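Asker: As a plain string of letters, each chain reads:
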Amino acid sequence: MKHIALGMFGAAALGLMASAASAGTLDTVKQKGFIQCGVSTGLAGFSAPDDKGDWKGIDADFCRAVAAAVFGDGSKVKFTPLSAKERFTALQSGEIDILSRNTTWTSNRDSALGLDFVGVTYYDGQGFMINAKKLPGVNSALQLSGAAVCVQSGTTTELNLADYFKKNKMEYNPVVFEKLEEVNAAYDSGRCDAYTTDQSGLYGIRLTLSSPADHVVLPEIISKEPLGPAVRQGDDQWAHIARWTYFALLNAEEAGITQANVDEMKTSTDPNIQRLLGTEPDGKYGADLGLSNDWVVNIIKAVGNYGEMFERNVGAGSPLKIARGINALWTKGGLQYGPPVR
Amino acid sequence: MQEHDMSWVRTEMTLAQPAPPGERGAYAWVRKNLVASVGDTILTILGIAIVAWILPQVINWAFINAQWTGPDRTVCATVSQGGIQPDGWTGACWAFVNAKFGQFMFGTYHIEERWRPILVAVLFVVLLVPMLIPRVPRKGLNAILLFLVLPVVAHFLLVGGVFGLPHVETSRWGGLLVTLSLSFVGMAVSLPLGIALALGRRSQMPIVKWLCVVFIETVRGIPLITVLFFASVMLPLFLPEGVTFDKYLRALIGVSLFAAAYMAEVVRGGLQAIPKGQYEGADSLGLGYWQKMGLIVLPQALKLVIPGIVNTFIGMFKDTSLVLIISMFDLLGVVKQNFSDPNWATPQTPKSGLIFAAFVFWLFCFGMSRYSMYTERRLDTGYKR
Chain X
1 MKHIALGMFG AAALGLMASA ASAGTLDTVK QKGFIQCGVS TGLAGFSAPD
51 DKGDWKGIDA DFCRAVAAAV FGDGSKVKFT PLSAKERFTA LQSGEIDILS
101 RNTTWTSNRD SALGLDFVGV TYYDGQGFMI NAKKLPGVNS ALQLSGAAVC
151 VQSGTTTELN LADYFKKNKM EYNPVVFEKL EEVNAAYDSG RCDAYTTDQS
201 GLYGIRLTLS SPADHVVLPE IISKEPLGPA VRQGDDQWAH IARWTYFALL
251 NAEEAGITQA NVDEMKTSTD PNIQRLLGTE PDGKYGADLG LSNDWVVNII
301 KAVGNYGEMF ERNVGAGSPL KIARGINALW TKGGLQYGPP VR
Chain D
1001 MQEHDMSWVR TEMTLAQPAP PGERGAYAWV RKNLVASVGD TILTILGIAI
1051 VAWILPQVIN WAFINAQWTG PDRTVCATVS QGGIQPDGWT GACWAFVNAK
1101 FGQFMFGTYH IEERWRPILV AVLFVVLLVP MLIPRVPRKG LNAILLFLVL
1151 PVVAHFLLVG GVFGLPHVET SRWGGLLVTL SLSFVGMAVS LPLGIALALG
1201 RRSQMPIVKW LCVVFIETVR GIPLITVLFF ASVMLPLFLP EGVTFDKYLR
1251 ALIGVSLFAA AYMAEVVRGG LQAIPKGQYE GADSLGLGYW QKMGLIVLPQ
1301 ALKLVIPGIV NTFIGMFKDT SLVLIISMFD LLGVVKQNFS DPNWATPQTP
1351 KSGLIFAAFV FWLFCFGMSR YSMYTERRLD TGYKR
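Residue numbers (the working numbering), protein chains in the order written: chain X, 1 to 342; chain D, 1001 to 1385.
Here chain X stands alone, though its shape is the one from the complex (with noise of 0.2 Å):
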């Protein structure tokens, strides 16, 4: 998501050296018995430790949820944070089995990086926040001609916030520093009119501010930023298992199976919830993919389904209170929408 520019340094050697994924990677993960998880180095909502050391978040989930899927407990995982630089890296040499750090699935890293992503387990863009008491009235991103805004250098974020300004031919004061914690100090103390950032960062931002209540998120998204995991390229199987765990979270949320409910509906009669659960008298999807059969119930029983993930990481259930938004199932008018399981 961030740092691209240093990223391309490595694309090319990175591309390169890629081929030496090899197959087999289920294989490998179930002698050595748990799955070794990329995460970042800490963020809100996504990885982060909390007091016990224990890493919370969507992405901590997904892994989870995918070590449920190979053994039946969503315990087995390790996790391993790693820097933006570092990321790509170690999921070529192997460090990691699956890479679940909130990076963007673009062309060039599915492309040229050797990576297979699996789905967008969350679709997230650059947005804006005001303090509304000091600019009351503005509600919308295009009122923000001449504003200061606070931005973090040597990111995306900084270039897609010269664009956005330029085609829409507003003028503006970019205020830019390095470190995260400068940004949210000039931004508290009031030295710019905007802070821009990824959306779902700056729900987290918010909360470090003196007074959250009275800044608001702009609902303009001026950047396309899914994210979502990664596997190595080369391995169908693995990522099969992957993207699959991923639409098997989508499909129990509209199925309506959730923790709580995952043991009373396997005696359900719906045909489309048997099958997910495997209860179907002769459905053998969870062994086509290399799995038990009960692979969905056990995703379930570790991390819920999608929207619980949702909800106890960044939602309603968080400090964060992150909308569901765009990233609501497709019936709920959002984008989330998993093939089925049959």
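By construction, these hints were calculated from the structure, which means they are not laboratory data. Take these hints with a grain of salt, some might be off.
[Said to hold, decoys possible] Partial selection, computed: residues in chain X whose CB lies under 7 Å from chain D:
{"id": "1", "residue": "Thr89"}
{"id": "2", "residue": "Ala132"}
{"id": "3", "residue": "Leu207"}
{"id": "4", "residue": "Pro219"}
Since this is a predicted model, take the numbers as computed values, not measurements. Just so you know, even glycine gets a beta-carbon here, dropped at the ideal spot from N, CA and C.
Given the coordinates of chain X, work out where chain D should sit on it, guided by the hints.
Answerer: Same frame as chain X, but now just chain D:
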């Protein structure tokens, strides 16, 4: 012969008198040090004003308004921030440090296994303290235990995997455990290696000399960050897939070699300060090279460069924070990492966490610096001015 009238000449010495009242006591001290001139007076008033302005705020923030315990961010956030404190409240969030203390000390080391690093720390202190106190006998045995036996014991205790101890990967190590273990190993390796390199650089043997020169100049010419970055991003690509080279080990080797190169130059400075006569004196006594160096030159040279050695140690202690580059979390890294926990995200959290980290770093650095001053005074046998 001329007669002198001695009656007005004192025959005994006068007793020493106390200084006049204006020149002693608190009054004189204040007059001399605080209000000696108009300029001084202005500066004094300014200084007092600044202290009087800042100190109450600091005390208020750090102690009176501070929150010491609590389950989550609500105790450190005001009502409008979604917490329980009245609006306008500011105070240190020590509750955050309290809740995360285990992580700050040990990283994500398994909670039920944390007795192992604690045991290592106790052993370390038990062996280090008598080593530092000159009066305690049996320094040789002590040194062997501290520098040879302890690292082996600590390795098995911390890593585990033997004697029924569960294995703990170094990726779970963090916090003060990483800071201290990296710096201790770095110090223990860099001093002897640095001395060897310094002697090598001044050696008459061309190959040894050039090897040492090349090593020192190369290592000193590259930033530590570059080496760590290279080791973590590029190195894995050259290794066969699945072969991973422990990150902690990479950091350990990097930090030790770096410190050794700097140490070599510090020691070389000391060697150069020893007059040529000392070398020649040793030679004329028929001492061999190692006897000359070990008995005559090095004891004097090292004594001279104690401040430089400690400087390098302190610098290295603080440089361990750079392992953040390879996603290892030393004390500072763990503290910063925990800012991202949404359960503790408040305006006070980063300040409190950073002040805690700064305090711990200061404690260790100040301790090292005081001990070095004590050692200097104790060894200050010659060159006294």
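Asker: Hint by hint, say whether it matches the structure.
Answerer: Hints, verified against the model:
Taking 7 Å as the C-beta contact cut-off toward chain D, the hint placing X/Thr89 at the interface holds, the least distance being around 5 Å. The restraint placing X/Ala132 at the interface with chain D is violated, with a minimum CB-CB distance near 13 Å, outside the 7 Å limit. The interface hint given for X/Leu207 holds, since its Cβ lies 4 Å from the closest Cβ of chain D, which is under the 7 Å cut-off. For the restraint placing X/Pro219 at the interface with chain D, the shortest Cβ-Cβ distance is roughly 22 Å, beyond the 7 Å limit, so the hint is violated.
Checked against the numbered hints above, the structure breaks hints 2, 4 and satisfies the rest.
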